[in-house]
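Residue numbers (our numbering), protein chains in the order written: chain A, 2 to 215; chain B, 2 to 244.
Note that these hints are calculated values from the structure, not bench results. Backbone N, C-alpha and C define an ideal beta-carbon position, used for all residues, glycine too. Keep in mind that a hint or two might mislead.
Said to hold, decoys possible - Label pairs and their computed distance ranges (CB to CB):
| id | chain 1 | residue 1 | chain 2 | residue 2 | range |
| --- | --- | --- | --- | --- | --- |
| 1 | B | G34 | A | A175 | 44 to 52 Å |
| 2 | B | L27 | A | S200 | 31 to 39 Å |
| 3 | B | L27 | A | D178 | 30 to 38 Å |
| 4 | B | D186 | A | V137 | 30 to 38 Å |
| 5 | B | A112 | A | L50 | 29 to 37 Å |
| 6 | A | W23 | B | P242 | 51 to 59 Å |
| 7 | A | D178 | B | D186 | 38 to 46 Å |
| 8 | A | L59 | B | E215 | 26 to 34 Å |
| 9 | B | S234 | A | W23 | 45 to 53 Å |
| 10 | B | T184 | A | L76 | 49 to 57 Å |
| 11 | B | L38 | A | S200 | 14 to 22 Å |
| 12 | A | D106 | B | A14 | 24 to 32 Å |
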Amino acid sequence: MTRPADAPTEPELQRFGRPARWVHGLVGVLMLICLLTAAVLYNSSLQVLIGHRRVVELVHVWCGFALPVPLVLGLASAGYRAELRRLDRFSPADWRWLRSRSRRDGQIPVGKYNAGQKLNGSLSAGAIGVLLMTGVVMLATDLAPLGWRTGATLVHDWAALAVGLLVLGHLSFALRDPVALRSLRTGTVPRRWAEAEHSAWAAEVGRARDGRDA
Amino acid sequence: MATEQPDVDGAGAPVGRRVVLGLLGLGALGIVGGARLQDALGTALAPIETRDPTGLVGLLPLGNTFRYYSVTGGVDEQDAGDYRLAVSGLVGQPGRHTLADLRAMPQTELARDFQCVTGWRVPDVPWAGVQLGHLLDLAAPAPAATAVRLTSFDGAYTESLTLAQARRPDVLVALRMLDAPVTHDHGGPVRLYVAPMYGYKSLKWLSGIELTDEVVPGYWEERGYAVDGWVGSSNGRDDDPTG
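Pulled out of the complex, with its shape left as it was, chain B reads as follows (with noise of 0.2 Å):
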């Protein structure tokens, strides 16, 4: 060979195993490590991601802020004049609430952390609305009832409880949230809020409740989710409780 070819392919250090080890290796350290960080990282940033006008913030894998969810292609609006909200089943008096109905009602205030059950978390999220222990008590449920069915205007999703839990004053038809209505987004005009369960059980665009004798697993919980999402005791996760 006359010329002589210091830089042949195929020789030099094996980088490209170096850099492909070393990131599974790295990867490996963030899977036992990485919750530590995402503590902190999601605790600095939440209040900034909450209310940040420009949305930037929300395109970086930070966590702790609210995420839209829907398991339908686009959902149609309904404004307050169309809006109606059906009691049937097994209740004595069947009942269709328009939002009127609804605001003119007894409404409960708090303010309670928002837990999604893929992981994140919104501290002190301000909720208003009407206990939906209220309006069972309007219907009248017949002695056979001992759950909720709700329904959703997407019309795909929807959700299960006991009565027993239905009637803790912690569940409420919610009509207001971050000191607002709640937006078409976030479920509105008028959303489920069931302040101790993981975020699958406040089913948004809330259309029906439907007073049954037995309890139906709702849209995730035919799909592997428990069907009594505790916070903290469901779902193989140990999140603080937010009943």
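Bound-form chain A, shown alone (with noise of 0.2 Å):
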């Protein structure tokens, strides 16, 4: 089966830049070992069900010292940058968006990320630092003070348990809108999702078009 040529396609709108989905594909991974790990070296039923404690235990370490890679290597593109100064600043309209029930009726305008999103990025970003920083001071047997290490192991097992139920959120939304999760391997959107689900960010990508064209 061919696509007839004059068929009408949607227009696609350019959402996600390689950089930024490479990024978020090689956290995504990272992340979803690193809690399965922890899991197995948390839980009970589940260490006697895998046991194998010192592989389950190197595969932690390391994938989690290795989380932090992508969001660093990343900045080396300004469309990656550009992504973080967009989830970094909260306008009056988030604020408004963050407190309203009606958020997704479309009256508040929601530029490419809406509130949840840079809020999910910023208290991920967070809890990475978080769980590296505690997970260096739990390794550093030799340096840092018994006192820090019991702090930062129970630092560290909260802030797990919280960035796992942050992770499922974060899933649950993504699952429901599979045009979402299309564009974070093809990198574009349909224009009508686009107007619907993030109208600001439509806007200004129409204006720039037109201001190319013009």
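Since each chain sits alone in its own frame, please combine them into the complex, following the hints.
Below, the structure written as structure tokens:
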């Protein structure tokens, strides 16, 4: 079957560049490995089932060290830095969006990321930093005083639990939106989806295109 | 530009950065001050967690309860009939004890804390079993024997003690733990309990006692843990002694 050349195809907007997609994918895989190995190391029933404590620990520690690497390497890309800037800044509309009960009805203009996505991004980044910091202290048996290691273990455990819940929430939103999921592979979204979900961003892309075309 | 855009992307307060820095600050505070909080939480919740029939409290990262560690995949269960404990090496009288043999020997009971080198500590655990020293006496160690090498029927884990350590009255070949036969997950039917040392010395699924002419470092000891794992004065820790 070939697609008729003149079929009306839905116009697609470029949403994610290659660096952003790769960083997201790598961090996602490493995060899942860290969470699954953490569950085995932590939960007694899973530990009884899986065992191999030494191997699971090594995988957990090395994936944990690797986790921030793509986030840092991505900074070499201007496009990726621009995404971080958008995630960083909260406009007054973002606060309204967070407080609103009808936030999905399109009344509040949403930019490239809605306020929930921004919050997820900064909470994830902060938590990755905290987990890395506490993880290093836990491993530094010769350098850090015991009290610090105890504190680091406490923070690491609770932060991991919180991140696990955050990732579950993130995945449940993602799995409900096939277009958003696909855009992480292809980098593009249909214009109509963009207008419904991220109206201010769709308008911004439209203006940029008009400016170029003019 | 015709339309006014009050809410353009990339404008507004840098909230994301503040969240990240705030979390890092909280994390650092937790490292420095978390030990005190951990003590309070652990002490308050340990009795509930150890006896919680639902196991739900165990899902929370609280601390003072048993965690099941195993260095291999699934360990096959050994029931009372199959179980054998071999005593071998530099001995005049090699032995092969059944569970019934062990139960018929003089039993020692003690209640001591179980301290893991990773930090958790279970208070006042009741243990019962045969003193390791009693089994050594039965085996009549040769003069050349200076140490004991312990093996597990998980096929991978090993431990070691000097002969003097092994003869301490608080080192048990444990048959009972928490007022019941040692369960499989806790290393049953027979495990070691070395009261004054960290948990990794208390080998699970004990299957062999071998007398050797020198200390052979055990599984975790080859991976950096102290061979003489005294609670409170090894592995860079300062816990209250359990001996």
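Outcome of the hint check:
A hinted range of 44 to 52 Å is violated for the C-beta pair G34 of chain B and A175 of chain A, which are about 36 Å apart. Range check, L27 of chain B to S200 of chain A: about 35 Å between beta-carbon atoms, so the 31 to 39 Å window is met. In this structure, L27 of chain B and D178 of chain A meet the distance hint of 30 to 38 Å, their C-beta atoms being roughly 32 Å apart. Between D186 of chain B and V137 of chain A the beta carbon distance is about 31 Å. The supplied range of 30 to 38 Å therefore holds.
A112 of chain B and L50 of chain A have their C-beta atoms about 30 Å apart, which keeps the hinted 29 to 37 Å range intact. Distance hint check for W23 of chain A and P242 of chain B: the Cβ-Cβ separation is about 52 Å, which falls inside the suggested range of 51 to 59 Å. In this structure the hint that D178 of chain A and D186 of chain B lie 38 to 46 Å apart at CB holds, the actual value being about 42 Å. At roughly 29 Å, the beta carbons of L59 of chain A and E215 of chain B sit within the given window of 26 to 34 Å.
For S234 of chain B and W23 of chain A, the hinted distance range of 45 to 53 Å is satisfied, since their beta carbons lie about 49 Å from each other. Range check, T184 of chain B to L76 of chain A: Cβ separation about 52 Å, and the 49 to 57 Å hint holds. One distance hint, 14 to 22 Å for the beta-carbon pair L38 of chain B and S200 of chain A, is violated here, with the actual separation near 45 Å. Roughly 25 Å separates the CB atoms of D106 of chain A and A14 of chain B, a value that falls within the hinted 24 to 32 Å.
Of the hints listed earlier, those the structure fails to meet are numbers 1, 11, in rising order.
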